[in-house]
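Student: Sequence:
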Amino acid sequence: MAKVKSRSTLKVWGDVIFAIFLREIKSKFNDKVGISWAVISPVSFIFALSFMRNTLSGGIDVHGISTFLFMMIGMTLVQFFLGTMQSTANAIKKSKPLFSFRQVQPISAILAISGLEFLIKLFVVVVLGVISYLFRIDITISDSIEVIFNLTKLWIIAVSLGTIFSVAYCFVPELNKIVDILTRPLFFISGTFMSLQDIPEKYWGYLTWNPILHIIELTRYAAVPQYGNAGVSDFYVNVITLLFLFFALSCYHISWKQAISR
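Here my numbering is used: the first residue of the sequence shown is 44, the next is one more, and so on.
Note that these hints are calculated values from the structure, not bench results. On a predicted model such as this, the values are computed, not experimentally measured, just so you know. Honestly, I wouldn't trust all of these hints.
Said to hold, decoys possible - Simulated crosslink set (DSSO-like; lysine-lysine; CA at most 30 Å straight-line):
no. : residue 1 : residue 2
1   : K139      : K300
2   : K69       : K220
3   : K137      : K245
4   : K136      : K245
5   : K54       : K137
Construct all of the structure, not just a fragment, from the sequences and the given hints.
Tutor: Have a look at this one:
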(Lines of atoms letter the chains of each structure in order from A and count residues from 1; the text may use other names and numbers.)
(Lines give C-alpha, C1' and ligand atoms only; values in the text may rest on other atoms or scores of the structure.)
Protein backbone atom coordinates (compact mmCIF):
# COMPACT_ATOMS: atom_id res chain seq x y z
CA MET A 1 0.00 0.00 0.00
CA ALA A 2 1.32 3.42 -1.00
CA LYS A 3 2.43 5.63 1.82
CA VAL A 4 0.95 9.13 1.92
CA LYS A 5 3.62 11.73 2.49
CA SER A 6 2.37 14.68 4.51
CA ARG A 7 3.88 18.13 4.20
CA SER A 8 3.88 20.95 6.69
CA THR A 9 2.08 24.21 5.93
CA LEU A 10 5.42 26.00 5.63
CA LYS A 11 6.68 23.39 3.16
CA VAL A 12 3.53 23.71 1.03
CA TRP A 13 3.84 27.50 1.09
CA GLY A 14 7.48 27.32 0.01
CA ASP A 15 6.65 24.93 -2.84
CA VAL A 16 3.87 27.24 -4.05
CA ILE A 17 6.16 30.28 -4.03
CA PHE A 18 8.86 28.36 -5.90
CA ALA A 19 6.33 27.12 -8.49
CA ILE A 20 5.04 30.66 -9.11
CA PHE A 21 8.65 31.86 -9.25
CA LEU A 22 9.42 29.35 -12.04
CA ARG A 23 6.19 30.23 -13.81
CA GLU A 24 7.10 33.91 -13.70
CA ILE A 25 10.55 33.20 -15.14
CA LYS A 26 9.03 31.26 -18.04
CA SER A 27 6.40 33.90 -18.80
CA LYS A 28 8.86 36.79 -18.46
CA PHE A 29 11.59 35.20 -20.53
CA ASN A 30 9.60 33.18 -23.06
CA ASP A 31 11.61 34.36 -26.07
CA LYS A 32 15.26 34.13 -27.05
CA VAL A 33 16.23 37.61 -25.90
CA GLY A 34 13.84 37.86 -22.93
CA ILE A 35 16.22 37.08 -20.08
CA SER A 36 19.06 38.97 -21.75
CA TRP A 37 16.92 42.03 -22.43
CA ALA A 38 15.80 42.19 -18.78
CA VAL A 39 19.44 42.90 -17.93
CA ILE A 40 20.70 44.63 -21.10
CA SER A 41 17.93 47.26 -21.14
CA PRO A 42 18.51 48.74 -17.66
CA VAL A 43 22.28 48.28 -17.83
CA SER A 44 22.58 50.10 -21.17
CA PHE A 45 20.26 52.90 -19.98
CA ILE A 46 22.10 53.40 -16.69
CA PHE A 47 25.58 53.08 -18.19
CA ALA A 48 24.85 55.39 -21.15
CA LEU A 49 23.38 58.23 -19.07
CA SER A 50 26.03 57.86 -16.37
CA PHE A 51 28.82 57.95 -18.95
CA MET A 52 27.19 60.92 -20.72
CA ARG A 53 26.85 62.91 -17.49
CA ASN A 54 30.44 62.07 -16.57
CA THR A 55 31.69 63.24 -19.98
CA LEU A 56 29.68 66.47 -19.97
CA SER A 57 30.88 67.37 -16.49
CA GLY A 58 34.48 66.73 -17.49
CA GLY A 59 34.85 63.99 -14.90
CA ILE A 60 34.59 66.47 -12.05
CA ASP A 61 33.57 64.86 -8.76
CA VAL A 62 30.19 65.61 -7.17
CA HIS A 63 30.87 66.49 -3.53
CA GLY A 64 33.73 64.02 -3.32
CA ILE A 65 32.15 61.18 -5.33
CA SER A 66 32.86 60.52 -9.01
CA THR A 67 30.10 61.65 -11.38
CA PHE A 68 29.80 58.18 -12.87
CA LEU A 69 29.30 56.49 -9.49
CA PHE A 70 26.97 59.31 -8.39
CA MET A 71 24.71 58.75 -11.40
CA MET A 72 24.96 54.98 -11.36
CA ILE A 73 23.81 54.72 -7.74
CA GLY A 74 20.89 57.09 -8.25
CA MET A 75 19.59 55.54 -11.45
CA THR A 76 20.07 51.95 -10.30
CA LEU A 77 18.11 52.49 -7.08
CA VAL A 78 15.27 54.42 -8.72
CA GLN A 79 14.89 51.78 -11.43
CA PHE A 80 15.07 49.06 -8.78
CA PHE A 81 12.27 50.72 -6.79
CA LEU A 82 9.99 51.38 -9.76
CA GLY A 83 10.48 47.94 -11.31
CA THR A 84 9.81 46.11 -8.04
CA MET A 85 6.79 48.22 -7.11
CA GLN A 86 5.16 47.93 -10.54
CA SER A 87 5.70 44.17 -10.78
CA THR A 88 4.35 43.64 -7.26
CA ALA A 89 1.36 45.90 -7.94
CA ASN A 90 0.32 43.63 -10.83
CA ALA A 91 1.02 40.37 -8.96
CA ILE A 92 -2.52 39.59 -7.74
CA LYS A 93 -4.19 40.50 -11.03
CA LYS A 94 -1.63 38.53 -13.04
CA SER A 95 -1.92 35.40 -10.89
CA LYS A 96 -5.68 35.45 -10.33
CA PRO A 97 -6.38 32.15 -12.18
CA LEU A 98 -4.09 30.34 -9.72
CA PHE A 99 -6.18 31.31 -6.70
CA SER A 100 -8.77 28.68 -7.56
CA PHE A 101 -6.31 26.23 -5.97
CA ARG A 102 -6.70 26.19 -2.20
CA GLN A 103 -2.96 26.14 -1.53
CA VAL A 104 -2.29 29.30 -3.56
CA GLN A 105 -2.76 32.66 -1.87
CA PRO A 106 -1.98 36.15 -3.20
CA ILE A 107 0.92 36.63 -0.78
CA SER A 108 2.72 33.73 -2.49
CA ALA A 109 2.48 35.47 -5.87
CA ILE A 110 3.63 38.76 -4.36
CA LEU A 111 6.71 37.19 -2.75
CA ALA A 112 7.61 35.17 -5.86
CA ILE A 113 7.31 38.08 -8.30
CA SER A 114 9.01 40.64 -6.06
CA GLY A 115 11.77 38.12 -5.29
CA LEU A 116 12.43 37.63 -9.00
CA GLU A 117 12.67 41.41 -9.45
CA PHE A 118 15.19 41.56 -6.62
CA LEU A 119 17.37 38.90 -8.25
CA ILE A 120 17.18 40.58 -11.67
CA LYS A 121 18.20 43.96 -10.28
CA LEU A 122 20.96 42.35 -8.23
CA PHE A 123 22.31 40.80 -11.41
CA VAL A 124 22.10 44.23 -13.08
CA VAL A 125 24.32 45.63 -10.31
CA VAL A 126 26.83 42.81 -10.84
CA VAL A 127 26.90 43.44 -14.61
CA LEU A 128 27.43 47.17 -14.02
CA GLY A 129 30.35 46.32 -11.75
CA VAL A 130 31.89 44.04 -14.38
CA ILE A 131 31.48 46.64 -17.13
CA SER A 132 33.05 49.30 -14.91
CA TYR A 133 35.99 46.97 -14.25
CA LEU A 134 36.45 46.23 -17.96
CA PHE A 135 36.35 49.95 -18.82
CA ARG A 136 38.74 50.60 -15.90
CA ILE A 137 36.31 52.95 -14.20
CA ASP A 138 37.33 53.38 -10.59
CA ILE A 139 34.40 52.34 -8.35
CA THR A 140 35.16 51.95 -4.67
CA ILE A 141 32.57 51.03 -2.04
CA SER A 142 33.61 51.96 1.49
CA ASP A 143 30.77 50.24 3.38
CA SER A 144 29.27 47.47 1.25
CA ILE A 145 27.18 46.11 4.16
CA GLU A 146 25.37 49.44 4.52
CA VAL A 147 24.76 49.48 0.76
CA ILE A 148 23.12 46.05 0.98
CA PHE A 149 20.99 47.19 3.94
CA ASN A 150 19.84 50.24 1.98
CA LEU A 151 19.01 48.09 -1.03
CA THR A 152 17.00 45.72 1.17
CA LYS A 153 15.06 48.57 2.80
CA LEU A 154 14.27 50.03 -0.61
CA TRP A 155 13.02 46.61 -1.73
CA ILE A 156 10.78 46.31 1.35
CA ILE A 157 9.30 49.76 0.71
CA ALA A 158 8.70 48.92 -2.96
CA VAL A 159 7.07 45.56 -2.13
CA SER A 160 4.93 47.17 0.59
CA LEU A 161 3.63 49.88 -1.72
CA GLY A 162 3.20 47.33 -4.52
CA THR A 163 1.15 45.09 -2.20
CA ILE A 164 -1.15 48.00 -1.26
CA PHE A 165 -1.63 48.93 -4.92
CA SER A 166 -2.09 45.28 -5.92
CA VAL A 167 -5.01 44.94 -3.51
CA ALA A 168 -6.40 48.33 -4.53
CA TYR A 169 -6.29 47.46 -8.25
CA CYS A 170 -8.72 44.59 -7.59
CA PHE A 171 -11.31 47.10 -6.37
CA VAL A 172 -10.43 50.04 -8.66
CA PRO A 173 -8.60 48.81 -11.80
CA GLU A 174 -8.28 52.34 -13.18
CA LEU A 175 -6.06 53.28 -10.25
CA ASN A 176 -3.00 51.95 -12.08
CA LYS A 177 -3.15 54.89 -14.53
CA ILE A 178 -3.03 57.36 -11.65
CA VAL A 179 -0.13 55.51 -10.01
CA ASP A 180 1.85 55.56 -13.28
CA ILE A 181 1.44 59.34 -13.50
CA LEU A 182 2.38 59.89 -9.84
CA THR A 183 5.55 57.79 -10.03
CA ARG A 184 7.01 59.47 -13.13
CA PRO A 185 8.49 62.47 -11.25
CA LEU A 186 10.48 60.13 -8.95
CA PHE A 187 13.47 60.32 -11.31
CA PHE A 188 13.65 64.07 -10.69
CA ILE A 189 12.73 64.37 -6.99
CA SER A 190 14.77 61.45 -5.66
CA GLY A 191 18.26 62.85 -6.17
CA THR A 192 18.97 60.81 -9.29
CA PHE A 193 20.54 63.62 -11.33
CA MET A 194 21.20 66.17 -8.59
CA SER A 195 22.52 65.98 -5.05
CA LEU A 196 20.42 67.29 -2.19
CA GLN A 197 23.48 69.39 -1.30
CA ASP A 198 23.09 71.29 -4.59
CA ILE A 199 19.68 72.57 -3.51
CA PRO A 200 19.33 75.51 -1.08
CA GLU A 201 18.70 74.22 2.42
CA LYS A 202 15.47 76.18 2.75
CA TYR A 203 13.90 73.92 0.10
CA TRP A 204 15.00 70.62 1.64
CA GLY A 205 11.71 70.24 3.51
CA TYR A 206 9.87 69.87 0.20
CA LEU A 207 12.05 66.92 -0.84
CA THR A 208 13.13 65.09 2.30
CA TRP A 209 9.68 63.55 2.87
CA ASN A 210 10.72 61.16 0.08
CA PRO A 211 12.42 58.06 1.60
CA ILE A 212 13.92 57.13 -1.78
CA LEU A 213 15.94 60.35 -1.72
CA HIS A 214 17.24 59.44 1.75
CA ILE A 215 18.21 55.93 0.63
CA ILE A 216 20.01 57.16 -2.50
CA GLU A 217 21.95 59.82 -0.61
CA LEU A 218 22.79 57.41 2.23
CA THR A 219 24.00 54.81 -0.29
CA ARG A 220 26.29 57.38 -1.90
CA TYR A 221 27.55 58.25 1.59
CA ALA A 222 28.13 54.55 2.35
CA ALA A 223 30.07 54.18 -0.90
CA VAL A 224 32.15 57.33 -0.43
CA PRO A 225 32.09 58.83 3.10
CA GLN A 226 33.52 62.14 1.78
CA TYR A 227 30.19 62.70 0.04
CA GLY A 228 28.49 63.40 3.39
CA ASN A 229 24.97 62.73 4.61
CA ALA A 230 23.63 66.24 5.14
CA GLY A 231 19.85 66.47 5.24
CA VAL A 232 19.14 62.72 5.26
CA SER A 233 18.50 60.28 8.09
CA ASP A 234 18.90 56.54 8.42
CA PHE A 235 16.44 56.60 11.33
CA TYR A 236 13.78 58.17 9.09
CA VAL A 237 14.27 55.43 6.48
CA ASN A 238 13.95 52.70 9.13
CA VAL A 239 10.72 54.18 10.52
CA ILE A 240 9.19 54.64 7.07
CA THR A 241 10.15 51.08 6.08
CA LEU A 242 8.47 49.60 9.15
CA LEU A 243 5.37 51.80 8.71
CA PHE A 244 4.93 50.85 5.06
CA LEU A 245 5.46 47.17 5.85
CA PHE A 246 2.95 47.25 8.72
CA PHE A 247 0.36 49.12 6.65
CA ALA A 248 0.80 46.78 3.65
CA LEU A 249 0.41 43.64 5.78
CA SER A 250 -2.65 45.14 7.50
CA CYS A 251 -4.32 46.04 4.19
CA TYR A 252 -3.55 42.61 2.78
CA HIS A 253 -4.83 40.75 5.86
CA ILE A 254 -8.09 42.71 5.92
CA SER A 255 -9.02 42.61 2.25
CA TRP A 256 -7.22 39.84 0.31
CA LYS A 257 -10.22 37.49 0.28
CA GLN A 258 -12.56 40.19 -1.01
CA ALA A 259 -9.92 41.27 -3.54
CA ILE A 260 -9.54 37.88 -5.24
CA SER A 261 -13.31 37.28 -5.26
CA ARG A 262 -14.01 40.36 -7.37
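Student: For each hint given before, does the structure comply? Return the numbers of the non-compliant ones in rising order.
Tutor: 3 and 4
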